[in-house]
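Since the structure of chain Z is provided, determine the placement of chain P with the ligands on it from the hints.
Protein sequences, first through last, are from chains Z and P. Just so we're aligned, residue 329 is where the first sequence starts under our numbering, counting upward by one. Just so we're aligned, residue 227 is where the second sequence starts under our numbering, counting upward by one.
Heads up, some of the hints might be wrong.
Heads up, simulated DSS-like pairs for lysine-lysine below, C-alpha to C-alpha not over 30 Å straight-line [as the list claims (entries may be wrong)]:
{"hint": "1", "chain 1": "P", "residue 1": "LYS381", "chain 2": "Z", "residue 2": "LYS790"}
{"hint": "2", "chain 1": "P", "residue 1": "LYS543", "chain 2": "Z", "residue 2": "LYS350"}
{"hint": "3", "chain 1": "P", "residue 1": "LYS544", "chain 2": "Z", "residue 2": "LYS751"}
{"hint": "4", "chain 1": "Z", "residue 1": "LYS855", "chain 2": "Z", "residue 2": "LYS826"}
{"hint": "5", "chain 1": "Z", "residue 1": "LYS350", "chain 2": "P", "residue 2": "LYS455"}
{"hint": "6", "chain 1": "Z", "residue 1": "LYS790", "chain 2": "P", "residue 2": "LYS451"}
{"hint": "7", "chain 1": "Z", "residue 1": "LYS808", "chain 2": "Z", "residue 2": "LYS826"}
{"hint": "8", "chain 1": "Z", "residue 1": "LYS690", "chain 2": "Z", "residue 2": "LYS730"}
{"hint": "9", "chain 1": "P", "residue 1": "LYS543", "chain 2": "P", "residue 2": "LYS381"}
{"hint": "10", "chain 1": "Z", "residue 1": "LYS350", "chain 2": "Z", "residue 2": "LYS635"}
{"hint": "11", "chain 1": "Z", "residue 1": "LYS790", "chain 2": "Z", "residue 2": "LYS843"}
{"hint": "12", "chain 1": "Z", "residue 1": "LYS826", "chain 2": "Z", "residue 2": "LYS732"}
{"hint": "13", "chain 1": "P", "residue 1": "LYS329", "chain 2": "Z", "residue 2": "LYS790"}
{"hint": "14", "chain 1": "Z", "residue 1": "LYS808", "chain 2": "Z", "residue 2": "LYS855"}
{"hint": "15", "chain 1": "Z", "residue 1": "LYS350", "chain 2": "Z", "residue 2": "LYS522"}
{"hint": "16", "chain 1": "Z", "residue 1": "LYS732", "chain 2": "Z", "residue 2": "LYS690"}
{"hint": "17", "chain 1": "Z", "residue 1": "LYS808", "chain 2": "Z", "residue 2": "LYS775"}
{"hint": "18", "chain 1": "Z", "residue 1": "LYS855", "chain 2": "Z", "residue 2": "LYS843"}
{"hint": "19", "chain 1": "P", "residue 1": "LYS329", "chain 2": "P", "residue 2": "LYS381"}
{"hint": "20", "chain 1": "Z", "residue 1": "LYS350", "chain 2": "P", "residue 2": "LYS451"}
{"hint": "21", "chain 1": "Z", "residue 1": "LYS790", "chain 2": "Z", "residue 2": "LYS630"}
{"hint": "22", "chain 1": "Z", "residue 1": "LYS808", "chain 2": "Z", "residue 2": "LYS790"}
{"hint": "23", "chain 1": "Z", "residue 1": "LYS724", "chain 2": "Z", "residue 2": "LYS690"}
{"hint": "24", "chain 1": "Z", "residue 1": "LYS690", "chain 2": "Z", "residue 2": "LYS775"}
{"hint": "25", "chain 1": "Z", "residue 1": "LYS790", "chain 2": "Z", "residue 2": "LYS522"}
{"hint": "26", "chain 1": "Z", "residue 1": "LYS635", "chain 2": "P", "residue 2": "LYS451"}
{"hint": "27", "chain 1": "Z", "residue 1": "LYS751", "chain 2": "Z", "residue 2": "LYS350"}
{"hint": "28", "chain 1": "P", "residue 1": "LYS329", "chain 2": "Z", "residue 2": "LYS751"}
{"hint": "29", "chain 1": "P", "residue 1": "LYS543", "chain 2": "Z", "residue 2": "LYS751"}
{"hint": "30", "chain 1": "Z", "residue 1": "LYS826", "chain 2": "Z", "residue 2": "LYS790"}
In case anyone wonders, no lab produced these hints; they're calculated from the structure.
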Amino acid sequence: MRAFAELLERLVYTRSRNAKLKLIGDYLRSAPDPDRGWALAALTGELSLPGVKAGVIRQMVTERVDPDLFAMSYDYVGDLAETVALIWPAPPDAVLDAKPEALSLGETVERLSRLTRLDAPAALSAMLDRLDASERYAVLKLATGGMRVGVSARLAKTAFAQAVDLPVEDVEEVWHGIDAPYPALFAWGAGDGKRPDARGLPVFRPFMLAQPLEGEADLSDYAAEWKWDGVRVQLVRAGGQTRLYSRAGDDITGSFPEVAEAFLREGVADGELLVRGAGQGADAHGGAAASFNALQQRLNRKTVTKKMLAEHPAFVRLYDLLIDGERDVRTRPWTERRARLEAFAEGLDPERFDVSRLITAKDFDDLARLREGARESAIEGVMLKRRDSEYVAGRKAGLWYKWKRDPLTADCVLMYAQRGHGKRSSFYSDYTFGAWDSEGGLLPVGKAYFGFTDEELAWLDKFVRANTVGRFGPVREVEKTLVLEVAFDSIHESTRHKSGLSMRFPRIARIRTDKPAAEADRVETLKALIV
Amino acid sequence: MTALGSWVHAHPDGIHIPDGDFWIDPSAPRDRALVTHGHADHARGGHGAVLATPETLDIMECRYGPQSGQPVRYGETLRLGGVDVRFVPAGHILGSAQIVMEKDGERVVVSGDYKRRPDPTCPPFEPVPCDVFVTEATFALPVFRHPDAADEARKLIAAARANPDRCVLAGAYALGKAQRLILELRSAGWDRPIHIHGALQRLCDLYRAHGIDLGDLRPVADAKKADLKGEIVLCPPSALNDRWSRRLPDPITAMASGWMRVRQRARQRNVELPLVISDHADWDELTATVTELDPEELWVTHGRDDALVHWRRSQQKKARALHLSGLEDEDD
Ligand SMILES: [Zn+2]
Ligand SMILES: [Zn+2]
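So that you can see chain Z by itself, here it is in the shape it has in the complex (with noise of 0.2 Å):
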């Protein structure tokens, strides 16, 4: 328990990225099995003890400590696991005296898993009673589910991967057919057992991705699609059972019923995720989609009411087929898997499914042609895919490219600063910027914290802390003197700044110092750039 507990303390207080990636990693191949598995587990917010709830918790600590103290101390602290382990007074002597073997956090976790309802009050005091307070921490945590220590599953994963020296896809691969505490995992990652077999099992497999194009392609070795502004997703069907993925690997089959209802092909298939509607594209691209901002009302539910469905109905359209039936194609060329894609989609509804239109274009010059052309259909870009790649995962040079249209710009004026995270908590490093609206007066249009240089950092935040006209918590307003070019993918309106405009992906492109702030854009001429 002791590792594990000082495990769960310095992530608490670890920011990199990297560093936490060490700190698991490093207890992944130190700790004993099962531990090891349970942390894996209790990282990947897979392990459920469903004996202890909040409740029990509550109903425990009132026992030892006054209820009216308690809750202030809950109101002080704000997380339960936290007061408790805190607040948990010292055993009487007698119990200290008879030095209690120390549990493993394999024993710990099968114990909680033992308790019910009734039992668990009193079980979960003794077991507290030997513990320290950062170890209490650590066993409520385990208890409640959510270890709120700063790391994603797929950190999670990435750092078990690491730590054996496995790509993570192939971790990710084979995740959702193994259970905890994951010997055959483990067993996999020494080089002393198999890989875990995920077939019959409805399970994730890491998504091929796209590079930016630079220079040109020659089409007779790829082909081109457009590329829609949506979700990507993966439709997998086994063993009778469907779920859709995101690229994260999160299940999402929850929040979009009506698709994975209709996705009744043994298979695993990639595709983007959309919403109905007149937002992007038109019939000669393949058919049109809604904006992105229509499809983000239905990102994220845990309840999907009827009128949502009826609102924005969602559909697929298909990019490739990984598997075909029982059969892995990922390893046959593109040419074969799109022809295995459009045969296995006739046999889906067409309401819920359709399969990504080629371009045909003579050369090169012609695919830009109409690439400019599709500006004004509001499609992103132009996605280009080597017809001999086979379908691996992550982002591999020279097989799939993406070529988004050029982005648009515009001149804004530096409205609001706020200090970055880690590394940049010195900075000055969000920036929340506007233009002018009719009245004289600005409005914000967006937030950007990428795009510059270190130099254009410093430059930017010197100006931030020089020109600092208010304070709000750790934001400052700053005198509204400073025009910065803005790139942005697309803009879209938005109920989310007072402007009514959001834009997708903004970032800084240049410090316009030698532009006087009244000649900033007008959020008029904003506006117009909405297709």
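Positioned in the frame of chain Z, the structure of chain P with the ligands alone reads:
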């Protein structure tokens, strides 16, 4: 029968004793102020006459310039109007005192800020039995239990030794905490120079002038970035995430404060190495002190007064909060 301590008036901006014609730790300028210790929320500038320990007067002069003060040594008794007044050690910082007042056979003790742990920079808290104990309550929640300061200092040293390519930058309140931390580091075996932010210099000099040996201290401004690798640097908490820290080699941010016991508090301040070292009494010290003195009434000046009052009342004893608005949670 008049109420206990009726000659002691609590106002939001300080404690007023009309019979003695003086105020204790007033937050507005007064003709005669008795000051418990040098922290800025207790000791303000601009009073007519200041009565305080010689150390506290020195601290006030260092901060606010010359004071028309009258030094009062620990244990010395003064008669102000009809009130007998005595300063006794509070164990909080250099010069910190409780103010013991007696009138018509009633004794009221105003603790100022205090702690019960050993502190090499000041004499220990002296318990004085009394009818009314006026206490602080900065850490008056049972979640606050300060660990041994020596262990915390060892953590800081271990971090410096484990990271020869970085430095450890520890934030510590400039008056009291910084000097205590330096001494803890010294007794834990750190005899290398300790590099200090300019804002700590004058107060460290003052402690030295009072015979406290802080060892080799050097201004950060004089050091080259590369020479600070593997070293310990101290600064006031406000400088931790400031531009100033860019001159340091990839600093590990530490902070010495009782608040560091709560993880979210430490995270909010971007602290990587929390050090739970406080100059205030924790929950156990507060409740043990009140139990030991067992006053008829407990009055609480500032901090988590609701919790301490609730605890005392649950023992069928009188307690109330004074709501002195001028006193704050020291960044401590
Ligand atoms: Zn103080
Ligand atoms: Zn105070």
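**Prompt:** Is the Cα-Cα distance between LYS790 (chain Z) and LYS451 (chain P) 30 Å or less?
**Reply:** Judged against 30 Å, a Cα distance of about 21 Å means the pair holds.
**Prompt:** Given the hint that LYS635 (chain Z) pairs with LYS451 (chain P), does the C-alpha gap stay at or below 30 Å?
**Reply:** Distance of about 62 Å is beyond 30 Å: violated.
**Message:** Just to be careful, I want the Cα atoms of LYS808 (chain Z) and LYS826 (chain Z) compared with a cutoff of 30 Å; is the pair within it?
**Reply:** holds, 17 Å
**Message:** So if I understand the rule, the pair passes when the alpha-carbon distance is 30 Å or less; does LYS855 (chain Z) with LYS826 (chain Z) pass?
**Reply:** Measuring from Cα to Cα gives roughly 13 Å; hence the hint holds.
**Message:** Run the distance test for LYS350 (chain Z) versus LYS451 (chain P): straight-line Cα separation, threshold 30 Å.
**Reply:** Cα-Cα ~27 Å, so holds.
**Message:** Does LYS855 (chain Z) sit within 30 Å of LYS808 (chain Z), going by the straight-line distance between their CA atoms?
**Reply:** holds, 21 Å
**Request:** Assess, step by step, whether the Cα of LYS329 (chain P) is no farther than 30 Å from the Cα of LYS751 (chain Z), and give holds or violated.
**Result:** Roughly 59 Å between the alpha carbons, so the hint for LYS329 (chain P) and LYS751 (chain Z) is violated.
**Message:** Checking one constraint from the list: CA of LYS690 (chain Z) to CA of LYS775 (chain Z), max 30 Å. Satisfied?
**Reply:** violated, 40 Å
**Request:** Sort out whether LYS381 (chain P) lies within 30 Å of LYS543 (chain P), counting only the CA atoms.
**Result:** Since the Cα atoms of LYS543 (chain P) and LYS381 (chain P) sit roughly 41 Å apart, the hinted pair is violated (cutoff 30 Å).
**Message:** Holds or violated: LYS790 (chain Z) and LYS843 (chain Z), Cα atoms, limit 30 Å.
**Reply:** holds, 19 Å
**Prompt:** Does the alpha-carbon distance linking LYS855 (chain Z) and LYS843 (chain Z) stay inside the 30 Å limit?
**Reply:** holds, 22 Å
**Item:** Given pair status - LYS350 (chain Z), LYS751 (chain Z), alpha carbons within 30 Å
**Value:** holds, 18 Å
This entry does not satisfy hints 1, 2, 3, 9, 10, 13, 19, 21, 24, 25, 26, 28 and 29, going by the numbered hints stated previously.
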